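S.K.: Chains as they are written, first to last, in this note's numbering: chain Z, 1 to 296; chain H, 1001 to 1271; chain D, 2001 to 2416.
Keep in mind the hints are simulated off the structure, nothing from the lab. Keep in mind the model is a prediction, meaning the values are calculated, not measured. Positions of the beta carbon are idealized from the N, C-alpha and C atoms, including for glycine. Warning: the hint list may mix true and false statements.
[Unchecked claim] What the simulated footprint calls covered on chain H by chain D, stretch by stretch (three residues with Cβ under 8 angstroms from a Cβ of chain D suffice, anywhere in the stretch; the number is not a length): (1) 1034 to 1042; (2) 1121 to 1131; (3) 1214 to 1226.
[What the hints assert, rightly or not] The following residues of chain Z were derived to be distant from chain H, with all beta-carbon distances above 12 angstroms: (4) 84; (5) 190; (6) 209.
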Amino acid sequence: MAIKRPKGSFLEKNLHIIFPLPAVVFVIVMMLFPVLYTLFLSFTNWNLTSGMPLSIVFLKSYQKVLREPRFIAALGRTFSFTALAVAVETILGMIVALILNREFRGKGFTKLIMLLPLVSTPVAIGIVFNLFYDPTIGLANFVLTRFGLPRQAWTGSAATVIPSLAIVDIWQWTPMIALILLSGLASLSSEPYESARVDGASEWQIFWRITLPMVTPTLLTALILRTIDALKTFDIIYAMTGGGPGYASETLNVMAFKYSFEYFRMGQASVILVFLFMLVLFMSLLIVRMRKSLEL
Amino acid sequence: MRAALIRKILFFLVILAIVVPVLFPFLWMLTSSFKTQVDIVAWPPRLVFSPTLQNYERVFREQNFLKYFTNSSIIGISAVSLSLLMGLPAAYSIARYKQKRLSMFILIARLMPGISFLMPWYIIFSRLKLMDSYIALILSHMLITLPIIVWIMSSYFETIPIEMEESAMVDGATRQRAFLSVVLPIAGPGIVTSVTLAFIFSWNNFMFSQVLSMERTRTLPIAIYNFVSYAEVDWGAVMAAAVAIMAPAIILTMIFQKYVVKGLTMGAVKG
Amino acid sequence: MKSKLMLVILVVLTVLSVGAQQKEIRVLLANHPYGDLLKAAIPEYEKATGVKVNVESLQESQLTTKLTTEFATRSSTVDVFMTRPLQEAKMFYKNGWYEPLTDYDFSDYPKNALDVATFGNKAYLVPLVTEWEVLYYRVDLFKKAGLSVPTNFTELEMAAKKLNSADIAGFASRGKGAAAVTQLSSYVYNYGGTYLDKGKAVFNSKEALDAIRFYGKMLANYGPAGITNMSWENIMPLFQAGKVAMWTDASVFYGQIVDPTKSQIPAENVGIANFPAGPKGNTPYIVVSWGMAIAKQSKNKALAADFIKWATSKELAKRGMLANITMARNSAWKDSEVRAKIHPGLIATQEYAAKNGIPYDRPYMSAVGEARDLIGEVIIESINTGGSSAKLESLARDKVAAVNSLLEDTGEYGVY
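Let's have the full structure, built from the sequences with the hints guiding it.
M.R.: The following block contains the structure:
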């Protein structure tokens, strides 16, 4: 339905350039240019606090950061946090969507409740969960002791901090996956189901053979978007633990933030940013490719 | 008959098992905001207590949350309005001229980690003496709101049949005229969706404001974060602050529920 | 005719407005009790001098960030600011961001407080507030258990053991890595160790590691759960809720601990004692936690000098003391009105620490934030293993190397 023959005034002829121009200029100035600047800084050793002017050191900052065990650990942690959170969210989200995919009284209300985590302020949510997790007065340990289980340190110990943070992410974003899948499921045609039932297929077979393949495009888009967001999770981690205890919950994003705004090592911070950036760019390209092949 | 009833009850329980965990943190936050510090640190946790308003008083009177509330609103509303101004024509063009690449370019702004522009902004804004200014905050928040608006609106414009504009143009209207007087008036639901979501994500933003704002332009998420790290943890007041921050987003969601679901499931997730 | 008249009026107005242009200065304060006190008192100063003071209050780490960026990007309009000497002074001085204070009268300040304010032979900041490490304890619990207040680490451990129960932690101190570094310092000193010696990191010495192991053992065995994520802001509510029997931390918290609106513990049940002695004596830290300085690039230096004299005056120091802020000026502690009001435990421990204490509570270097993170890792490892970690030595050795490389980066290695 695209328009082929522009006609009339200059404005009308070039509408396809003039209309998007302000937005494009804005994004170039505010995003593209800063990103290029970051790339440039990553080849320098600029440090705001050293009192020395910036000098170009090419790959030296990369060398320094890559040799830093703290960086390698943060990189791994970024992946493990993402994998844990997104995997649980997908499975739970699928289950919830399958349950809700029918007509029942109160469906609208249930959907409304599910929306609330998505629109809540992550920092505030993190703080509320900190109250749950408080080892001495928190509800989480109260529940554990009621069931005769030992108290946990939750975000207070290196061993449990990542799962504890992932729980917050899961709480906040499982509903989103569920809602996306729900709208995907609602749009499926009922024909294949009917014929499968006529053929005597079990519910389980129907799910694996019909539902899952049909909902896969939706699921994959949701999954990739969620993965990208999980890779850059910042608010809840920074607000709940600040990357601690020690560096036990420091992801790339948190580490880059500390390098920039606490240590003022702009050169090395830029290196971390370049990595984070490439990671996300890679995931984004994946989306584009998939959109093309799946015709989304 | 009985089997049907049992099934019904079981299903209800399953729904409860979904709803309660989602709702629980909100309820706990709300009740805690009416507790005194003594009630909050009590072990076992108290479910029955005499409610107090002192936490809200502390948040709004001593901590000046009203000012941060105003700041968040000014920044959110300005960023959303300016984004609409830029985003609507762009979205229209993307929809009508099938500018896929352009749409990807703007989508990338939504996907990129915010921190990769934040550090350069911080340097540039300091040089321009724009740190802690509304301009800096609004510009940065626009990078959140603009992609949401473009993303949602371009899909929305695609659903509007092109015949409507064409008939207007046959009557002699220019394309830009048709956009303004034919397309925009019926794009209301889409605009509501995108504005609500864009505003909520600006409202919730932490990272940009944490770096670019100080005392004067501090927004609510920063205020609550500082509140925790500066004062010893006064849980009741912190929970009251959390309620105050989340209430507007939640109320907006309840009013525009239908639109928000649509917007979020369209792919415009987390800002 | 008319337009000429307008022009004249315009010119007159312009001249008038320039002539009447108010003198202004810009002051950055911290969200600290003394910053709050100053903020409240500034209208008096404005009234007396006619100078308009533009005040901003910031949370301490934001203050550092803001000052650093404004100075580093040369975009600053700050005239006077509060500064944390041990955290910032070295870096700020090296970058030339402090204006030397050549005609300020420093005779009312203790010598060790001036040490951190002086570089070469010039002073660059005025000490405002001091703090030292003390032992807070629950008088009632000690009485009930028939214990006397511990005076050394052995007694501290015994008391913690006896007071520890399912409900109450026998002992608490900061466990959150970087934040713990300052409170650990007195332990390290009392074991005979230190963080930096002659411009080199030495916290892997046997003495320092013994102290870190002891600290880890105490917190692991008798500390509250989740201690490795706790700084003072998490421990204080526990103490106020009656869930901690002993707590070593800075002296500044007394006022808040006994605040009846937040605490369930009546003031008479909260005791303050000297930090306990270790195997090598008792030399707790006593530091200038806050000072005030003039920015080098200030364009209003005369006004700034006048303001700083007022803001650090004897009169305001006394007001600070009466508000439970432990000021750096000697005269503030000698004032009879002050002595009558303030907790005797504070006076006694201040006198002891002023005489015997060490004026540093952290590695004193430009990259102190990163160094604290690094030492924090060793502390956390020790707490996690109850002080028995087999790899503590090698971990500390790695961190010492890392701190030394930070010192080298800024040209401070081996310089003292």
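S.K.: Now tell me if each hint is right for this structure.
M.R.: Right, here's what the structure says about each hint:
1. 1034 to 1042: holds (count 3)
2. 1121 to 1131: holds (count 7)
3. 1214 to 1226: Coverage by chain D holds here, the residue count being 4 at a Cβ distance below 8 angstroms.
4. 84: holds, 18 angstroms
5. 190: holds, 20 angstroms
6. 209: Since the minimum Cβ distance to chain H is about 24 angstroms, residue 209 of chain Z lies beyond 12 angstroms and the statement holds.
Checked against the numbered hints given earlier, this structure breaks none of them.
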